[in-house]
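A.B. asks: Spelled out, the chains give:
Protein chains: 2
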Amino acid sequence: MTIKIIENGNITTPAGFFAGATTAGIKSKNLVDLGILFSKSLCSAAGLFTTNLIKSASVLHSQKIINVGKAQAIIANSGCANACTGMRGMVDIKEMAKLTAAKCSIQVNKVIVANTGVIGINLPMDKVRKGIKDIDLTAYGGKDFARAIMTTDTFEKEIAVNVKDDNGKYTIAGTAKGAGMIHPDMATMLCFLTTDANINQNFLQVTLKNIVDDTFNMISVDGDTSTNDMIIILSNGLAGNSVISNKNGGTFKEALLEVCKYLAKAVVRDGEGATKLIEVLVECARNKNDARLIARAITSSSLVKTAIYGNDPNWGRILAAAGRSGARIVENKLILYLNNQCVFKQGKPQDFDEEKLRTNMMEESVINIALHVNNGREKATAWGCDLSKEYVTINSAYTT
Amino acid sequence: MTIKIIENGNITTPAGFFAGATTAGIKSKNLVDLGILFSKSLCSAAGLFTTNLIKSASVLHSQKIINVGKAQAIIANSGCANACTGMRGMVDIKEMAKLTAAKCSIQVNKVIVANTGVIGINLPMDKVRKGIKDIDLTAYGGKDFARAIMTTDTFEKEIAVNVKDDNGKYTIAGTAKGAGMIHPDMATMLCFLTTDANINQNFLQVTLKNIVDDTFNMISVDGDTSTNDMIIILSNGLAGNSVISNKNGGTFKEALLEVCKYLAKAVVRDGEGATKLIEVLVECARNKNDARLIARAITSSSLVKTAIYGNDPNWGRILAAAGRSGARIVENKLILYLNNQCVFKQGKPQDFDEEKLRTNMMEESVINIALHVNNGREKATAWGCDLSKEYVTINSAYTT
Chain A
41 MTIKIIENGN ITTPAGFFAG ATTAGIKSKN LVDLGILFSK SLCSAAGLFT TNLIKSASVL
101 HSQKIINVGK AQAIIANSGC ANACTGMRGM VDIKEMAKLT AAKCSIQVNK VIVANTGVIG
161 INLPMDKVRK GIKDIDLTAY GGKDFARAIM TTDTFEKEIA VNVKDDNGKY TIAGTAKGAG
221 MIHPDMATML CFLTTDANIN QNFLQVTLKN IVDDTFNMIS VDGDTSTNDM IIILSNGLAG
281 NSVISNKNGG TFKEALLEVC KYLAKAVVRD GEGATKLIEV LVECARNKND ARLIARAITS
341 SSLVKTAIYG NDPNWGRILA AAGRSGARIV ENKLILYLNN QCVFKQGKPQ DFDEEKLRTN
401 MMEESVINIA LHVNNGREKA TAWGCDLSKE YVTINSAYTT
Chain B
41 MTIKIIENGN ITTPAGFFAG ATTAGIKSKN LVDLGILFSK SLCSAAGLFT TNLIKSASVL
101 HSQKIINVGK AQAIIANSGC ANACTGMRGM VDIKEMAKLT AAKCSIQVNK VIVANTGVIG
161 INLPMDKVRK GIKDIDLTAY GGKDFARAIM TTDTFEKEIA VNVKDDNGKY TIAGTAKGAG
221 MIHPDMATML CFLTTDANIN QNFLQVTLKN IVDDTFNMIS VDGDTSTNDM IIILSNGLAG
281 NSVISNKNGG TFKEALLEVC KYLAKAVVRD GEGATKLIEV LVECARNKND ARLIARAITS
341 SSLVKTAIYG NDPNWGRILA AAGRSGARIV ENKLILYLNN QCVFKQGKPQ DFDEEKLRTN
401 MMEESVINIA LHVNNGREKA TAWGCDLSKE YVTINSAYTT
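For the protein sequence lines, the chains are A and B, in the order given.
With the first letter of the first sequence counted as 1, position 16 gets the number 56 in our numbering; the numbers rise by one all the way through.
With the first letter of the second sequence counted as 1, position 31 gets the number 71 in our numbering; the numbers rise by one all the way through.
Treat the hints loosely; a few may be bogus.
Which copy is meant is left open, so a pair is good if it fits within one copy or across any two.
[Unchecked claim] In the DSS-like style, the derived pairs of lysine-lysine whose C-alpha atoms are separated by at most 27 Å in a straight line are:
1) K110 - K80
2) K67 - K305
3) K305 - K429
4) K388 - K170
5) K373 - K388
6) K134 - K110
7) K134 - K385
8) K69 - K429
9) K134 - K373
10) K419 - K69
11) K134 - K170
12) K138 - K419
13) K204 - K419
14) K80 - K209
15) K293 - K150
16) K388 - K69
17) K170 - K44
18) K287 - K173
19) K385 - K67
20) K69 - K396
21) K104 - K385
22) K301 - K204
23) K204 - K80
Treat the hints as calculated values from the structure; they're not laboratory data.
Make a model of the complete structure from these sequences and hints.
C.D. replies: Structure follows, in structure tokens:
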């Protein structure tokens, strides 16, 4: 079997998917902010949503569709989260779904809606109505759609892979947005995945859940879980492969994992104000949950994040974060590596060339932290970004 | 009964307490960094310590003394946390206790030791030895001691109150340090309290625990719990009041609460890079734990903190933080006030003059957030500070 990344691939690369976007004027800046993704045939759809108890109208709407498991289009906007907007918010979502259904000539209960942006303001529906009319759906519109969901993101996050295995040939693709309020819990910020593979619906939902746990649920930009988190996969089966299910789904899982890991890492790499990607590997933990807790505590620590921004090998903060993570650790058993330099072992600091490590941190765009807990066999990887002055600048004036 | 704040009062204001400090050279800057607090008679001692599983040698040492409940002196330094330093760290602590005991002519097992500063480096014991010799213990040395425990703090945090009730007259005082790695859990950063009141030992420990839960455990600067957190109260009984216990301890509790609340708020007010104090009141929650969870989630949110730094009434972030707090909330029942302006009610945004609120936020040094959850009767208050560029500057170069 092979999994191959397609150069310049995006969500319209799989067969039968069309997309388009427009500058509707929802964002204050003159940027593309409304997009539609459409499949020419009905899709099996799986999805995960934010666990935040404050949920946007679009999350409530789209959850119902995923519960049924069939969808054919997604309409998404940036600039307005349409969360905390009460009945009016729900009415607006219904109208967005209805207009999209009419445009695509499909049933209204097959349209997923997603919003992202400022919480507590209403959608400018006049602009949305005109925008939906203006959108051209094309087989190469994936990149425009990826742009339409960006808020403080600085680049589009998109990927597509060709997969070939005993089931046949098919394509998986995805796009995601960051770049703040990123600390997903059971779901994530916005992520839309498309595939032309023919897949069993239950298998699709279970596989997505498992993969999200190891990818999007292991990233953190700022510790805040969004009200609008949503990850959706649509599979239209147009590749004509033999149906993929639990028995023969190994390659599909691997390919989807690669796609999701790429997008998750792209989100933190583009974390608000980020200058470095932080990859934390926790090994030999008592159980999987402990490994996750420790890895996420480290990537979420403001003190670890600011130290890395300053290229400062202040490894004590890493152990302090592990110690408050809630996982069981024993100080004497820990071994800590920072960019492959062992800094702590057998309960005491190790001698190392601090100046050399500092220079190394300055040169590398990815900072690797590896912590051997040595009280079990489980491991987990988490990804985060540093905390810069630019993060504060971005977030102290976001609504203005 | 009366509780009266004493102008310029500090930990040596209660009868029989002496303190002093010196510039031992533990800090890289030429600042006072080693202090001793001493009571001329043996004290009942109560304390709480960090719940971080990585604990400094001083925490391990001092926990044992508090378990017995008697102490007569505290030696504390800043500039070196002596955490993650293995056997060597513990040997150093023992020597600090021994030298302090000799200087004060008391038993070595009556000396509490506290350190704060960079994790993972050893104490420069030559400097510590000389420093202990150099310290002069005087009845007015409280302020010097308060200075000796400061790290990134910009002002001393100290208070003393005179209390008069049916039990007699006595004094309670305290000092605390911040200003980073502040997200206490069951205990807090360093805080030392003194009183000349005559108090039942069990009552003292229980009262301290309860008060810390409502004060120090409700503050957050950056979400990180320190390895060296410690709060200690010493009572030497020299005021000669009738013994205070559960039956007659109402005024004592109230006075100690006032002292602890003052110090806790001073710590966040001086949070690293802070320009604003944030006070969050959560009312009508299902239970006390829910009220605490919501209040702390809001004060800990980077997005709320940066919005307040930018005087931005971006209240959606406050509701988003409440929604991910783990507490049970129902969006339609919530009422949210920002600096006394109602911004959200009955499931929808309220009309208000945004420019006026922005100006008001700019003018006030304390930002008040009040959230009525309306599904119960319990309430809690939490305190935090904004997140500024200065926080990042301070923490990206702390060890250097």
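A.B. asks: Now look at each hint and say whether the structure bears it out.
C.D. replies: Right, here's what the structure says about each hint:
no. : hint        : in the structure
1   : K110 - K80  : within (13 Å within a copy, 78 Å between copies)
2   : K67 - K305  : within (26 Å within a copy, 39 Å between copies)
3   : K305 - K429 : both (21 Å within a copy, 25 Å between copies)
4   : K388 - K170 : between (65 Å within a copy, 25 Å between copies)
5   : K373 - K388 : within (10 Å within a copy, 52 Å between copies)
6   : K134 - K110 : within (17 Å within a copy, 68 Å between copies)
7   : K134 - K385 : between (58 Å within a copy, 23 Å between copies)
8   : K69 - K429  : both (23 Å within a copy, 25 Å between copies)
9   : K134 - K373 : between (56 Å within a copy, 23 Å between copies)
10  : K419 - K69  : neither (43 Å within a copy, 41 Å between copies)
11  : K134 - K170 : within (16 Å within a copy, 75 Å between copies)
12  : K138 - K419 : neither (46 Å within a copy, 43 Å between copies)
13  : K204 - K419 : neither (29 Å within a copy, 58 Å between copies)
14  : K80 - K209  : within (19 Å within a copy, 84 Å between copies)
15  : K293 - K150 : within (25 Å within a copy, 62 Å between copies)
16  : K388 - K69  : between (53 Å within a copy, 26 Å between copies)
17  : K170 - K44  : neither (39 Å within a copy, 67 Å between copies)
18  : K287 - K173 : neither (44 Å within a copy, 75 Å between copies)
19  : K385 - K67  : between (51 Å within a copy, 25 Å between copies)
20  : K69 - K396  : between (44 Å within a copy, 24 Å between copies)
21  : K104 - K385 : between (51 Å within a copy, 26 Å between copies)
22  : K301 - K204 : within (19 Å within a copy, 65 Å between copies)
23  : K204 - K80  : within (23 Å within a copy, 82 Å between copies)
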